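Chains as they are written, first to last, in our numbering: chain X, 1 to 268; chain Y, 1001 to 1283.
It is worth saying that the hints were derived from the structure and are not from the lab. Small disclaimer: the values here were computed from a predicted structure and weren't measured. One should not assume that every hint holds.
Claimed, not checked - Where chain X lies over chain Y, by a calculated footprint (3+ residues, C-beta under 8 Å):
hint, region
1, 1150-1158
2, 1185-1196
3, 1203-1216
As the list claims (entries may be wrong) - Pairwise CB distance ranges (calculated):
hint, chain 1, residue 1, chain 2, residue 2, range
4, Y, 1035, X, 125, 50 to 60 Å
5, X, 244, Y, 1058, 42 to 52 Å
6, Y, 1125, X, 84, 26 to 36 Å
7, X, 152, Y, 1028, 31 to 41 Å
8, X, 126, Y, 1235, 51 to 61 Å
9, X, 46, Y, 1125, 20 to 30 Å
10, X, 76, Y, 1220, 49 to 59 Å
Said to hold, decoys possible - With a Cα cut of at most 35 Å, we get these calculated DSBU-like pairs of lysine-lysine:
hint, chain 1, residue 1, chain 2, residue 2
11, X, 267, X, 185
12, X, 21, Y, 1272
13, Y, 1159, X, 21
14, X, 72, Y, 1087
15, X, 72, Y, 1090
16, X, 42, Y, 1159
17, Y, 1220, X, 72
18, X, 21, Y, 1090
Each residue gets a CB set at the ideal place from its N, CA and C atoms; glycine is no exception.
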Amino acid sequence: MPRSPHRLLEPRAVASGGSLKQAQLWLQRAILSPAAPSTAAKHIAPSATLTPAERLAIYRDLYPARMVHALKVDYPLLHQYLGGPLFTQLALLYAQAHPSRSFTLNAFGIALPHFIAKIQGLRRPDFAVDLALFEQTCAEVFHETEAPPLTAEAIAAVPHEAWERVRLVTIPALRLLRLRYPVWKRAQSELDEGERQIRRQPSFVAIYRNNYDVVWLPLSARAFAVLTSLSRGSTLGKSLSAARGPVQTWFRDWVAAGLFAAVQIQKR
Amino acid sequence: MPHRPISNKWALPDLGFGIGLRTVHFLHILAHWPKIDWFEVLSENYMATGGRPLWVLDQIAERYPVVLHGVSLSVGSTDPLNIPYLKELKALARRTRARWVSDHLCWTGVSGINTHDLLPMPYTDAALRHTTARVKAIQEILERPLILENPSTYLAFNKSTIRECDFLSELAERADCGILLDVNNVYVSAFNQGFDANEYIDCIPANRIVQVHLAGHTHKGTHILDTHSDHVIAEVWKLYRRLSERAGAISTLLEWDEDIPGFDVVRAEALKARRYRRTAHAA
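Isolated chain X (complex conformation) (with noise of 0.2 Å):
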C-alpha cells in the first residue's frame, strides 16, 4: 500500500459561539479531515430526519468524490494504467496534502506528477511519474493561449542572408519533454502485445496544440535537442551549428505542424 510522506490534517476544537470566521475555520476542518469530528452537534443543528454528524457527512462524502473525479479527468491514462482503487488512494492522499487553492479545479492536480514521484511502494514508479507528467502537459497544452501558426510562405520570405540571425517564436501551445519512457504509446487505442509493457528507454516528444486539438509529436534525442534550443530563443545559426540529423526534414515538420509563431531577426 502507498504511503504518504506527508501529515494528515485533523480540525482542531473551535468555541461554537465564535465569529463567521471561526465557524468557517471549522466546517472547513471538518470537511478536508480524514476523520470526522466529534463535535458536530456543538455547531450544526439536527434535522427532522439526520443527526449533526450525519449531516456534515454529506459534505465530507461530496468533498473527495469531487477531487478524485477532477483528476480523473485529467489524468484518464494514469487512472486506467493504475486501476481505479490505486488511483482513487493516491488521489485522496494528494487532495488531503494538496487542496486547491485555485477558484478553478483545472490547477487543481498540476502537482500530481511531483506528489507520486515520493510515494513509496508503487509498481513502476518511474512510468507513472512520466505518464503523469505527460498528462499533465497535455493538459497545460489544452489551456495554453492561442496563437496563429507561421505559414511556410511566412518563413520563405526571410531573406536568405539573414538566416543565421533569425529567431523563431515558438507558440505558446508548445511543451517539449524529455522522459524516461514512451508514455504516449498508452494513449494508442490498441497496443501489440509486446508493447503492453512499455519499455525504458529515453524519450523525447513535442506536445503543442493544432486548430485546439492537443497533439503529440515524438522526436529524436538530435531533433529534440534543436527544437529546444529554437524554443529558448537562440538563433536558426545557433541551433543548427553543432546539429546532426535530417534537419531540413525536422523544419518541413515542424513548420507543418505549425510550431512557430512568429520570426524575429536579430540586428547584427
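Add chain Y to chain X, keeping to what the hints say.
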C-alpha cells in the same frame, strides 16, 4: 422575439427559456446552431484558459445571449476578496457581452483553500453585515449588479437566527443586488431544512428576481441532493408557476449537469417552462 414586460428593478430583459452551455453539446451547437433563447455559462470554465472552450464560447456569444454563472466567487467567505479573479470575471463578462453575472449565496473556502463546494452560511446579523459589504465591493469592481442564487443546503448552523429567505431578501436590499431564484434549490432546501417552500417563494422580493433556475435532483429518503441530473419534478413546476403568478415573466434556465442527455432533450425540458408560465398568466 415578442415583447415581454420587464419585472426587475434594473430593467434587465426577460431572455426567455435557456439552458446551460455544456461541453457535451458543443459539437451539436456548432453544427446546427439550434433554436434556443439563451445560454448560461459556467464562468470559471472559461477563465484561465485559452483553448477550445473559449473559442467555442466566442462563437456562441456572437449568436446567442449569454449570462455568466460562477461557483467560486465565495461571496460569504471571511478570506479577502480575490481581486485577480474579479478582474478576470469582469473581462469575461465584457468579452461575452454577458447580460448579467451571477454566483451563489455561500462560501467555498477560507485560508486560501477552495473546497469547490457551495458551503452554507450561518444566517446571523454579523454574517449579513459581512456579506453585504462584500457584495457592495464586488459590484463596484464588476461595475454591475451581482445576481445571487439561493443555495441548496444540507446542514444548518446552531447559531443561525434569521430565515434564509429573509437573509437573502435583506442582503439584496442592503447591497442593492439581484436574485437568481433557484426553484429546485428552494424545494431541496425546504425538505432538508424543514421550511415551507411556498413561504420561501413568496418571501423573495419580486423586483429583485432577475433569473430563475429549474433542475432535477436526487432524493435519498432522509435528504435530497441537488444533483442537476434529471427532469424537473411536478412539485418544482408548481413552485415555478407560483412564482410566475406573483413575479411575472422572468428569464428561466434549465440546469442539467450530470448524466447529461442530448441537446434536444435538455432543450425540451427547458421549454416545458413555457407551459407553466403561460398557465400562470392565464390564471
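Hint check:
Residues of the region 1150-1158 of chain Y with a Cβ under 8 Å from some Cβ of chain X number 5, which satisfies the need for three, so the listed coverage holds. Only residues whose C-beta sits within less than 8 Å of a C-beta in chain X count toward coverage, and the region 1185-1196 of chain Y has 3 of them, enough to reach three; the restraint holds. Evaluation of the coverage hint for the region 1203-1216 of chain Y: breached, as 0 residues show C-beta separations to chain X shorter than 8 Å, against a requirement of three. The hinted range of 50 to 60 Å is satisfied by residue 1035/Y and residue 125/X, whose Cβ atoms lie roughly 53 Å apart.
The beta-carbon spacing between residue 244/X and residue 1058/Y, approximately 44 Å, falls within the hinted interval of 42 to 52 Å. The hinted window of 26 to 36 Å between residue 1125/Y and residue 84/X is violated, with their beta carbons roughly 48 Å apart. Remark: the range hint 31 to 41 Å for residue 152/X to residue 1028/Y is upheld by a beta-carbon distance near 35 Å. Evaluation of the 51 to 61 Å hint for residue 126/X and residue 1235/Y yields a pass: the beta carbon distance comes to about 56 Å.
The hinted window of 20 to 30 Å between residue 46/X and residue 1125/Y holds, with their beta carbons roughly 24 Å apart. At roughly 29 Å, the beta-carbon separation of residue 76/X and residue 1220/Y lies outside the given 49 to 59 Å, and the hint is violated. The suggested pairing of residue 267/X with residue 185/X is violated, with an alpha-carbon distance near 43 Å, which exceeds 35 Å. Annotation: proposed proximity of residue 21/X to residue 1272/Y is violated, straight-line Cα distance about 43 Å (limit 35 Å).
As the CA atoms of residue 1159/Y and residue 21/X are separated by approximately 13 Å, the hinted pair is consistent with the 35 Å bound. Only pairs whose Cα atoms come within 35 Å are accepted, and residue 72/X paired with residue 1087/Y is accepted, the gap being roughly 30 Å. The suggested pairing of residue 72/X with residue 1090/Y holds, with an alpha-carbon distance near 30 Å, which does not exceed 35 Å. Between residue 42/X and residue 1159/Y, the direct Cα distance comes to roughly 10 Å. Compliance with the 35 Å bound is thereby established for this hinted pair.
A threshold of 35 Å between alpha carbons decides the hint, and for residue 1220/Y with residue 72/X the separation of about 26 Å falls inside it, so the pair holds. With a CA separation close to 27 Å, the supplied pair residue 21/X and residue 1090/Y stays within the 35 Å bound.
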